[in-house]
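Residue numbers (the working numbering), protein chains in the order written: chain A, 2 to 195; chain B, 27 to 271; chain C, 1271 to 1730.
Please note that the accuracy of each hint is not assured.
When the alpha-carbon atoms are kept at most 27 Å apart in a straight line, the in silico DSSO-like pairs for lysine-lysine are as follows [what the hints assert, rightly or not]:
no., chain 1, residue 1, chain 2, residue 2
1, C, 1307, B, 180
2, C, 1683, C, 1646
3, C, 1677, B, 64
4, A, 14, C, 1677
5, C, 1286, B, 230
6, C, 1286, C, 1616
7, B, 120, C, 1616
8, A, 38, C, 1653
9, B, 46, C, 1653
10, B, 110, C, 1723
11, C, 1346, B, 110
12, B, 120, B, 54
13, C, 1345, A, 29
14, C, 1728, B, 64
15, C, 1574, C, 1616
16, B, 195, B, 120
17, B, 46, C, 1714
18, A, 38, C, 1304
19, C, 1637, A, 14
20, A, 154, C, 1444
21, C, 1714, A, 29
22, C, 1304, B, 110
23, C, 1286, B, 117
24, A, 14, C, 1646
25, C, 1577, B, 110
26, C, 1637, A, 29
27, A, 44, C, 1304
28, A, 14, C, 1307
29, B, 117, C, 1637
30, C, 1345, B, 259
31, C, 1723, B, 46
32, C, 1637, B, 180
33, B, 46, C, 1677
34, B, 128, C, 1646
35, B, 54, C, 1728
36, B, 64, B, 152
37, B, 230, C, 1705
38, C, 1304, A, 29
39, C, 1677, B, 255
Simulated from the structure, these hints should not be mistaken for lab results.
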Amino acid sequence: MNTREKILEAVLKNQPASTPLPDIDLFKGDNTELVQKYIDVFKTIGGNAVSADDITAVKMFINQNFDITKRIVTTVNELSDNFEIISDTIDPHTYADVELAIIKAHFSVAENGAVWLTDEVMGQRIIPYICQHLAVIINAGTIVPTLHEAYQKIGLGEYSFGGFIGGPSKTADIEQALVLGAHGPLSMTVFIIK
Amino acid sequence: MTVGLFIPCYVNQFYPNAAKATLELLQKFGVKVVYPVKQTCCGQPMANSGFEHLSQGCNEIIIENFSEFDYIVGPSASCVLHIKEHLHSDKNEKQAAAIRTKIYELVEFLTDVIKVEKLDASFPYKVGLHHSCHGLRGLHLSQMSELNAPAFSKPRYLLNMVKGLEQIKLDRLDECCGFGGAFCVTEEAVSVKMGKDRVTDHSKNGAQYITSSDLSCLMHLEGILHRNKSSVKIIHIAEILNATV
Amino acid sequence: MSQTQTHAALAGAFIKDEERVDWHDGALWFIREKRDKASRQIPEWEQLREAASQIKSNVISNLHEYLLQFEANLKKNGVIVHWADSAEEHNEIVYSILKAKEINQMVKSKSMLTEECGLNEYLEERGIEVINSDLGEYIQQIDNEPPSHIVLPCIHKRKEEIGELFHEHLGTEKGLSDPTLLTRVARKHLRNVFLTRRGALTGVNFAVAETGEYVVCTNEGNADMGAHLSEVQIASMGLEKLIPQKKHLSIFLRLLARSATGQPITIYSSHYKKPRKGQEMHLILVDAGRTRQMGRIDFRDSLKCIKCGACMNTCPVYRKSGGLSYHNTISGPIGAILAPNLDMKKHADLPYASTLCGSCSNVCPVKINIHDQLYKWRQVIVKEGYAANTKAMGMKAMAWTFSSPGKLTTAGKTGRWFLHNAPFVINNRFNPWHKQRDMPEAPKESFGEWYIKNENEKNK
């Protein structure tokens, strides 16, 4: 008997009588004031929330607030005139010197400030983690109240890789002192397009 | 109704005033109280050490002494909880089951059965309430700080009726004092450190007395208070509720 | 086991430095308070805990079916699946995967399972360098010490001590202890590690049977930095990490970070499903004592654990004795109910490292009855013969005394007599109570004696 069979047999032998799953569909979020709630939460976790009318406003903000002499990459076609479009075929290591990455999220979650991304909108999986600063564009109308609604939207999911990202990377491992910028980005800016 | 008075072994030996106050308090509310003189111990010291199988003798003595009463009341949350959760008998399981449903700690008996609404008591001091863990998380005498649930407190409700008594506010509402039964000697360093920290919380917030439903906790805190020559005293809640001018 | 290795002895040593204990205790209590604040922002918090508890009970009672479902979906996704019965077998599998690709340097994100298996030592002995990329775990690694807390690996270390380690191993300025500056140095150093390692290993927070994907939660982004640059990505997972359906992630991800640190969610909750083009993805399903624990009726619920650490943060014994005094990878209350299953002799003292206060059970997001299990483990440990002989004798003496009212009355009277008339017989260095506490005062008569006298007076 190989290990797999041995383990499965032990599991079958030791597991107790089946108990039922609870109905979790009764958990629902509150749909009011989602934009404000999202902004409030995102700010408390050290993120920068910016309301913008359109992509042009986003472009202007980036030009004014980031060092555009450094490498800036994006998956947003409307920004292709100004910034480098991410290629999904080249070696991810070559993105090690990215200063700022600008990507679009599918939606975001008000209760925890997180955006939902999949490899489809990341360009390359490494992009939102390896850049020094991360900027994410979301539509105000796509903000959901809680993770319950989030997973309803995601469903079983067609992606190969997906992730929630809820702010700049951080650590408090040294005497519980909060430091923004551990191994992922040092900052995160979310542009909320009305 | 007739109440059988259950006095834990160490209360009987070292804190008879708390037992007397319990007796008097119940009698003030018109309760007929009988103290079976042949009681011993609830068996918790053995059971909590892993020797549950040695507490059968104690179980039988409890059943023999207390089966006849309408209620059993004791001034110790931890002993009452132990009996509620662990009283069993091979020979007399029916009586054991009955006792488990009719045994009460003093405070909950006063609020839930007697339904006390006022007390003729006076204790003009600053008092810190120590929520013993068995009373708090076992008997639900008050709401524990861990849960997201409505606040309530049976001991506070009663202490609020005592004239002149001021309840102090603690930094940590319901942290364990560190007595823990045999723990108090097998893990002496941690036990004492936990006790010292509780004592510091009470004294820095102005307590003149520390009270509780559990004299095991209070005995441990008192040991630390005395050793450190503190002016803070311990007193069982029965003695406060029974205190007259 | 020698006396110096017990929890009581290690805790005693830790407590000698009272200033450090107060600092350690305060740091963890602060996190407990953050958890309380976060939980009170969710009115349905207690219902979430109940739902999570029921989901995990369903998992344990249908684990066979979920494992088969998960395995089938993993394979569909292109993930290579391995099964490991023991720690040793797990380590062998990791080694063989790396060897096949001639990889001799690996970067690892947090995995308590691999810590339990002793993976790093196993690989290092065979010429494979492993670097822990989580900052806290990295610090513990360069100090050659295991993590003391499953979420906050070096919570017991002062920043000056960490600064000293960085000076020794990373060449920082002597005396530098500013957390931000130290973190920046680690960021630079570990960035180079991520960019050069072809092999990456992660743990698994939740594995979804329905879709064959698994979720890894970090605040630092280190799991993703390692995985997305690697040629070979390995995930090590305990059998019990499964959850049945994708949507159940909403329950667990709402509870996990709030319970652990008071955050609404970890910064990164990454859902790994299929390998990158050109990348190999492996997942190792590990038993290592879990099926044995499943077979223990009183203790199988310990497998519901989602490794949040809330029980450690609330436990007053843990806060005042430190995780390293539990001599087990998983420490604190949950460790005390998991460890005896792994090695009952070595860990017989852990269920006794508790006052049974019950705080742990009430912060546990999956409602494990930890303090009940601690009580029940004590009965098992005594029954299996792991209680000290002196303790057994003492208990028998106690039971004998309590078995008759006459004997107890005599014993009580005797004790009080000695305390009154010859206190040195009891108040001496052989009495551990007496070390830092006074004994209670001995009243002249017990309540029983008073009552009988009083009754006789009344009846005259």
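Just to be careful, I want the Cα atoms of residue 1345(C) and residue 259(B) compared with a cutoff of 27 Å; is the pair within it? 68 Å, violated
Holds or violated: residue 1723(C) and residue 46(B), Cα atoms, limit 27 Å. Holds - the C-alpha atoms of residue 46(B) and residue 1723(C) are around 13 Å apart, at most 27 Å.
Regarding the pair residue 120(B) and residue 54(B), is the alpha-carbon distance no greater than 27 Å? Not satisfied, since the Cα-Cα distance of roughly 32 Å exceeds 27 Å.
For the pair we were handed, residue 1637(C) and residue 14(A), check the Cα-Cα distance against 27 Å. 25 Å, holds
Against the 27 Å threshold, does the CA-CA distance of residue 46(B) and residue 1714(C) hold or violate the hint? Distance ~14 Å between residue 46(B) and residue 1714(C) Cα, so the pair holds.
Below or equal to 27 Å on CA atoms is what counts here, so check residue 14(A) against residue 1646(C). Given pair residue 14(A), residue 1646(C) holds - Cα atoms ~23 Å apart, limit 27 Å.
Assess, step by step, whether the Cα of residue 14(A) is no farther than 27 Å from the Cα of residue 1307(C), and give holds or violated. Status violated; Cα separation ~42 Å.
Does residue 1304(C) pair with residue 29(A) here, judged by a C-alpha cut-off of 27 Å? 24 Å, holds
Would the hint linking residue 54(B) and residue 1728(C) be met if the CA-CA limit is 27 Å? 18 Å, holds
Would the pair residue 1577(C) and residue 110(B) pass a check requiring their Cα atoms to be no farther apart than 27 Å? 32 Å, violated
Proposed proximity, residue 1653(C) with residue 38(A) (alpha carbon, max 27 Å): 56 Å, violated
Has the given pair, residue 1683(C) with residue 1646(C), been kept, meaning a C-alpha gap of at most 27 Å? Roughly 34 Å between the alpha carbons, so the hint for residue 1683(C) and residue 1646(C) is violated.
Consistency note: the structure conflicts with the earlier hints numbered 2, 4, 7, 8, 9, 10, 11, 12, 13, 16, 20, 21, 22, 23, 25, 28, 29, 30, 36 and 39.
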